[in-house]
Every structure is written in C-alpha cells, then in structure tokens.
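If you want the building blocks of each chain, they are given just below.
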Amino acid sequence: MSMSQSGSGSGSEFDIPNGPAAAAILAAGIGCAAVGILAFAGDAFDAIGKMLNFYNPTGTLSGVTIVAIIIWLVSWFGLGRAWHTQTVQLARINVAAFALLIVGFLLTFPPFMDLLQGK
Amino acid sequence: MEITTRDLVTVLHGMGFGALFMLAFSGALAELYRMSVGRPSNQLSQRGQSLLGFYLIAMVILAWATVLSGAYIVYPWYRAVPPAGITDMADYPRRLLLSSGKTSEWHNVGMEWKEHVSWLAPIAMTMVAYVTLKYKRAVIAPRNIRTAVLGFAVAAFVATGVAGAFGAFLNKYAPVRGGSVIILMEGEQ
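Keeping their order, the protein sequence lines are chains U and S. Okay, so the first sequence: first residue is 1 according to our numbering, each after it adds one. Okay, so the second sequence: first residue is 1 according to our numbering, each after it adds one.
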C-alpha cells in the first residue's frame, strides 16, 4: 500500500513512499526497546551496570540513555537510507514496532524486572 | 519568599517542562485523532498544518528538555551519597527513602520506573512529529501510518503520566533540596 495509491489529494506529500515513515516508526520501537533492555541488563548484571556508568553523578542511567539514543538514531538512519524510496509492508512494521514498544514498557517496570531475575 | 536553586531547577524540570509537555498532549491527541477520522472536512488548511507542526516541535523540545534536565541535573542531586557520619538524610532523597521500609518502594518502584520509562516519551514523540511533518495531510491516508502515529502518541502520554505522577509523589516524600537561596520577595515581618 503506498501513499500515492491511498491518498486522494493532489499535494506532493501524497506521493511520498511510506518507507521514511516505516523507518521512523520501527526505529522508535527499537529505541524504546533499547531503553528497556539496557535498563534490565544494567539492573540484572553488575558488570553491565558498571560499564554503563558513563557519568558518575547520574550512574548507570547515563549509559542506558546514551546507548539507547545512539541505537535509536543509528537504526533510524540505517532504515531510513534503506527504505527512503521504497513502499514497505507497514502493517508488519507496525506489529514489530508496537511489540518493541511493549518490551520497552515491560523491561522498565521494576516488578517485571524482578520477576525475570527471580527476585 | 525564597527558593533554593535546586528547588527552582526541580520545579522547572517538573512543572516548566514536564507538566507543560503533559498538558500539550490534550491538544495533540485531539488534533491527531480528528485528522485520523479522515473526513474531507477534517483536512487541515496549510496554516493549520504549519501550526500543528510548530505545536509538535514544541512538544518534542519540551520532552527532551524534561528528560535531559531530569537525568543530568536533578537526578544527581536525588541520588547524592551522604558523607560518612551524616544522620540527617533530608538533603539526600534517595537515602532518605531507602532508610525506611515505609518509603523504600517509592524509590525501588517509583523512581526506578520513572527514570527509565520517561525516555520512551521523547523517542515516541520525535517519531510522531517527524512523520506528521513529513507526510502533512497524507498522514491520515494510509491506516497503518495513522495507527502508528496515534499509538505512539498515546504511549508517550502514558510514559509521561507515569513519570509525572511518581515525580510528584517522590517530591512529596523526599524533595530535592539545597543549593544557594534565591530571595524572591521580602515580607514585612
């Protein structure tokens, strides 16, 4: 399904392929999941927690956020480059993006982190 | 009437950036939903589109300002380690909360969740703003794009709500204090 097929207007925005949107949507999901996975890893493993301590006053949170932002931006840039002229299966991208978003929410929720760690 | 620098920055983080970002959701969600209904009469004019773009960019700036000021200015004050021998934990909020079983979960659940989940909001809102600005009126055309835009906007709202609510409670039980005093007004007595 492409924008030009679905759109009824005559503006140029209706001719843009959905690839750039898909890249931004999936990258946002990846970024959210990265926050959760890194938060969980930093909490579950002392060595990773110490490794993520980029800025001592903020502690592990500094590494979690900086690395997650880098993962998000790099994935957005990579996917954007790959899909900038393409029309992709956005339904599948959405499913993946929302699944990753849920991973982000769950892995930042301390009782769920504790459950996974058997605490 | 006086305030400390840490109080002032905490208020700026929570009320200046965070609460304003939270308030802005009502307008953004209503407009995105109205557009997504997809009737021709719901199409935004060029000027309306520009205003929506400005509104969403302002939200993105507020979202990033909130998490960055929280994580890199306020949070270090919150988690400061008291010097040996200190018994009054009033200036060390994290230690104050952890010193009692009645308050420790405000840190272990509240702050631990807030400090991480809040970062989902700027990531999600940046995507929402980018896609809305790039596709303009066409953002409503393919169902899958508007589903993602609305879904991530709602997720950003939920993440902000969690962070904001816990922020308010944490500030009630263990406020960040200290810094130099700024005198705002002098009373008669």
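It should be emphasised that the hints constitute simulated quantities derived from the structure, not laboratory data. Where hints are given, some of them may not hold.
To be verified - Calculated lysine-lysine pairs in the DSSO-like style (CA-CA distance at most 30 Å, straight line): (1) U/Lys119 / S/Lys172; (2) S/Lys134 / U/Lys50; (3) S/Lys102 / S/Lys172; (4) U/Lys119 / U/Lys50; (5) S/Lys136 / U/Lys119.
As the list claims (entries may be wrong) - Facing chain S, from chain U, some residues (calculated, C-beta under 8 Å): (6) Ile25; (7) Ala96; (8) Ala97; (9) Leu101; (10) Thr108.
Claimed, not checked - To give an idea of the interface, some chain U residues facing chain S are shown, with a C-beta separation under 8 Å as derived from the structure: (11) Ala99; (12) Gly104; (13) Phe109.
All values derive from a computational prediction rather than experimental measurement. Yeah, the Cβ is synthetic: ideal placement off N, Cα and C, and Gly gets one too.
Comparing the hints with the structure gives:
In summary, the hint linking lysine 119 of chain U to lysine 172 of chain S is supported, as the alpha carbons are separated by about 28 Å, within the 30 Å threshold. In summary, the hint linking lysine 134 of chain S to lysine 50 of chain U is not supported, as the alpha carbons are separated by about 40 Å, beyond the 30 Å threshold. The hinted pair formed by lysine 102 of chain S and lysine 172 of chain S meets the criterion: a straight-line CA distance of about 14 Å does not exceed 30 Å. Under the criterion of a C-alpha separation no larger than 30 Å, the hint pairing lysine 119 of chain U with lysine 50 of chain U is consistent with the structure, at around 20 Å.
As the CA atoms of lysine 136 of chain S and lysine 119 of chain U are separated by approximately 48 Å, the hinted pair breaks the 30 Å bound. For isoleucine 25 of chain U, the interface hint holds, the least distance from its beta-carbon to any beta-carbon of chain S being 4 Å, beneath 8 Å. Because the closest C-beta pair between alanine 96 of chain U and chain S is about 11 Å apart, greater than 8 Å, the hint is violated. Residue-level restraint check for alanine 97 of chain U holds (minimum Cβ-Cβ distance to chain S is 6 Å; threshold 8 Å).
A least Cβ separation of about 6 Å between leucine 101 of chain U and chain S falls short of the 8 Å threshold, and the interface hint therefore holds. The restraint placing threonine 108 of chain U at the interface with chain S holds, with a minimum CB-CB distance near 4 Å, inside the 8 Å limit. The beta carbon of alanine 99 of chain U comes no nearer than 12 Å to any beta carbon in chain S, farther than 8 Å, and the hint placing it at the interface is violated. At a threshold of 8 Å, the smallest CB-CB gap from glycine 104 of chain U to chain S is about 5 Å, leaving the interface hint in force.
The closest approach between the C-beta of phenylalanine 109 of chain U and any C-beta of chain S is roughly 6 Å, which is under the 8 Å cut-off, so the hint is satisfied.
Violated hints, listed in ascending order, are 2, 5, 7 and 11; each of the other numbered hints is respected by the structure.
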